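Chains as they are written, first to last, in the numbering used here: chain R, 3 to 142; chain V, 3 to 142; chain X, 3 to 142.
If you are wondering where the hints come from, they were derived from the structure by calculation, not from laboratory data.
Here the structure is a predicted model, which is why all the values come from computation and not from measurement.
Incorrect hints may appear among the rest.
A pair counts as met if it fits within one copy or between any two copies, since identical chains are not told apart.
Keeping only pairs whose Cα atoms sit at most 25 Å apart, straight-line, the calculated DMTMM-like set for lysine to aspartate or glutamate is [unchecked claim]:
| hint | residue 1 | residue 2 |
| --- | --- | --- |
| 1 | K97 | D138 |
| 2 | K97 | E139 |
| 3 | K56 | E20 |
| 4 | K31 | E107 |
| 5 | K49 | E123 |
| 6 | K30 | E64 |
| 7 | K23 | E107 |
| 8 | K56 | E17 |
| 9 | K97 | E27 |
| 10 | K97 | D82 |
| 11 | K56 | E27 |
| 12 | K46 | D95 |
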Amino acid sequence: MRFSRGRNFLFRVPEGEELLKFINEFAKKNNVLIGTVSAIGTLKNPKIGYFDEKNQKYMVIELRGTYELVSLTGNISIRDGEPFAHVHVALGDSKGVLYGGHLIEGEVFVAEVFIGELLGEPLERKPQKSGLTLWDEVRI
Amino acid sequence: MRFSRGRNFLFRVPEGEELLKFINEFAKKNNVLIGTVSAIGTLKNPKIGYFDEKNQKYMVIELRGTYELVSLTGNISIRDGEPFAHVHVALGDSKGVLYGGHLIEGEVFVAEVFIGELLGEPLERKPQKSGLTLWDEVRI
Amino acid sequence: MRFSRGRNFLFRVPEGEELLKFINEFAKKNNVLIGTVSAIGTLKNPKIGYFDEKNQKYMVIELRGTYELVSLTGNISIRDGEPFAHVHVALGDSKGVLYGGHLIEGEVFVAEVFIGELLGEPLERKPQKSGLTLWDEVRI
Numbered sequence: 003m004r005f006s007r008g009r010n011f012l013f014r015v016p017e018g019e020e021l022l023k024f025i026n027e028f029a030k031k032n033n034v035l036i037g038t039v040s041a042i043g044t045l046k047n048p049k050i051g052y053f054d055e056k057n058q059k060y061m062v063i064e065l066r067g068t069y070e071l072v073s074l075t076g077n078i079s080i081r082d083g084e085p086f087a088h089v090h091v092a093l094g095d096s097k098g099v100l101y102g103g104h105l106i107e108g109e110v111f112v113a114e115v116f117i118g119e120l121l122g123e124p125l126e127r128k129p130q131k132s133g134l135t136l137w138d139e140v141r142i
Numbered sequence: 003m004r005f006s007r008g009r010n011f012l013f014r015v016p017e018g019e020e021l022l023k024f025i026n027e028f029a030k031k032n033n034v035l036i037g038t039v040s041a042i043g044t045l046k047n048p049k050i051g052y053f054d055e056k057n058q059k060y061m062v063i064e065l066r067g068t069y070e071l072v073s074l075t076g077n078i079s080i081r082d083g084e085p086f087a088h089v090h091v092a093l094g095d096s097k098g099v100l101y102g103g104h105l106i107e108g109e110v111f112v113a114e115v116f117i118g119e120l121l122g123e124p125l126e127r128k129p130q131k132s133g134l135t136l137w138d139e140v141r142i
Numbered sequence: 003m004r005f006s007r008g009r010n011f012l013f014r015v016p017e018g019e020e021l022l023k024f025i026n027e028f029a030k031k032n033n034v035l036i037g038t039v040s041a042i043g044t045l046k047n048p049k050i051g052y053f054d055e056k057n058q059k060y061m062v063i064e065l066r067g068t069y070e071l072v073s074l075t076g077n078i079s080i081r082d083g084e085p086f087a088h089v090h091v092a093l094g095d096s097k098g099v100l101y102g103g104h105l106i107e108g109e110v111f112v113a114e115v116f117i118g119e120l121l122g123e124p125l126e127r128k129p130q131k132s133g134l135t136l137w138d139e140v141r142i
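Modelling step: build the complete structure from the supplied sequences, incorporating the hints.
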């Protein structure tokens with residue numbers, strides 16, 4: 003749970019890319035195994051998830067149209083042996099009303115992404131009874 | 003106002019903990035006196051505050067049920083001689099509608115927290131006429 | 003697109019300042035040419051933008067009153083030869099309802115800002131056909 007700082011990446015994702023897939027591919031190609039992620043921009047037709055405990059899966063909320071990516075916040079760690087980005091997003095419509103949740107996918111119009119690599123012991127997601135894949139809980 | 007980088011913590015808060023209390027205890031036990039905080043996850047029955055200038059106190063907004071923690075953004079500094087986390091949150095319901103404000107409390111279902119320690123001159127909150135406890139203003 | 007870490011600034015913006023102007027002036031006076039920015043606080047009468055692709059300009063959404071600054075997320079890079087902050091905000095009203103988009107301006111009641119300087123090759127915004135000023139796209 004304690005890490006040192008690695009590399010820092012600040013970049014624009016090409017228009018038309020699917021944002022989550024791109025972040026995961028970026029992490030994989032650059033061998034970023036642990037890190038923090040944040041971004042702003044504009045997304046088209048984003049799909050976001052709300053975790054439904056009873057049914058142990060994400061309910062999918064499909065938004066149509068173009069939304070300001072007001073915040074993207076999350077992290078990178080290992081799932082199934084590969085770097086995996088878990089990110090949540092807030093999205094604004096043309097009236098400034100916000101929607102958000104767990105990012106499932108979104109087409110990039112603009113995305114300015116910061117990844118801060120962390121170095122240390124492997125941080126791995128493991129399947130839980132809840133249906134989620136999570137790190138071990140920290141103890142203080 | 004200028005700091006060097008200290009330790010970096012990325013961890014999952016145990017399910018059932020109260021998030022703000024846990025972050026404050028984590029900071030205290032690890033002696034993190036200054037830092038930045040961000041997180042994502044899922045919270046139950048969160049209480050958020052909106053500062054009411056006229057009455058010089060937070061109005062409390064109690065949300066019932068389970069919300070995606072879309073963003074948690076804030077910092078750690080000293081208040082009353084102890085590390086104190088000041089964090090704001092955006093929370094998404096099952097339709098993806100967002101609510102948010104100053105985090106007062108929230109029960110953790112999932113919380114993935116990043117704390118980036120900063121090292122330097124003490125950064126302390128002091129009571130203000132407004133009723134808030136704030137750092138001195140910077141001058142540029 | 004790859005940077006090393008520079009200085010770290012955590013500070014409170016004086017009450018009454020216009021937030022975006024202050025961040026830009028802070029960056030200029032401290033010679034922060036590249037970086038990440040995040041903040042929380044409370045803003046008065048914020049103006050936010052939603053980018054209208056068809057008309058190639060931001061539609062302006064004027065909010066009246068006092069809003070919790072639930073998140074401010076963004077970056078600093080060079081535009082027209084000077085440091086330029088591009089930031090998006092989520093803003094909460096007294097019921098906890100969130101609004102947000104591209105920050106155009108907002109009067110500070112409270113603003114606690116973190117700037118993480120990045121050092122490396124110049125990162126510059128250039129005018130695009132869309133009407134936006136953006137960095138070159140990254141290739142992976």
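Each hint, compared with the structure:
no. : hint         : result
1   : K97 <-> D138 : neither (41 Å within a copy, 29 Å between copies)
2   : K97 <-> E139 : neither (40 Å within a copy, 29 Å between copies)
3   : K56 <-> E20  : between (29 Å within a copy, 22 Å between copies)
4   : K31 <-> E107 : within (20 Å within a copy, 38 Å between copies)
5   : K49 <-> E123 : neither (33 Å within a copy, 35 Å between copies)
6   : K30 <-> E64  : neither (27 Å within a copy, 41 Å between copies)
7   : K23 <-> E107 : within (8 Å within a copy, 33 Å between copies)
8   : K56 <-> E17  : between (37 Å within a copy, 16 Å between copies)
9   : K97 <-> E27  : neither (33 Å within a copy, 29 Å between copies)
10  : K97 <-> D82  : neither (40 Å within a copy, 30 Å between copies)
11  : K56 <-> E27  : neither (32 Å within a copy, 31 Å between copies)
12  : K46 <-> D95  : both (11 Å within a copy, 21 Å between copies)
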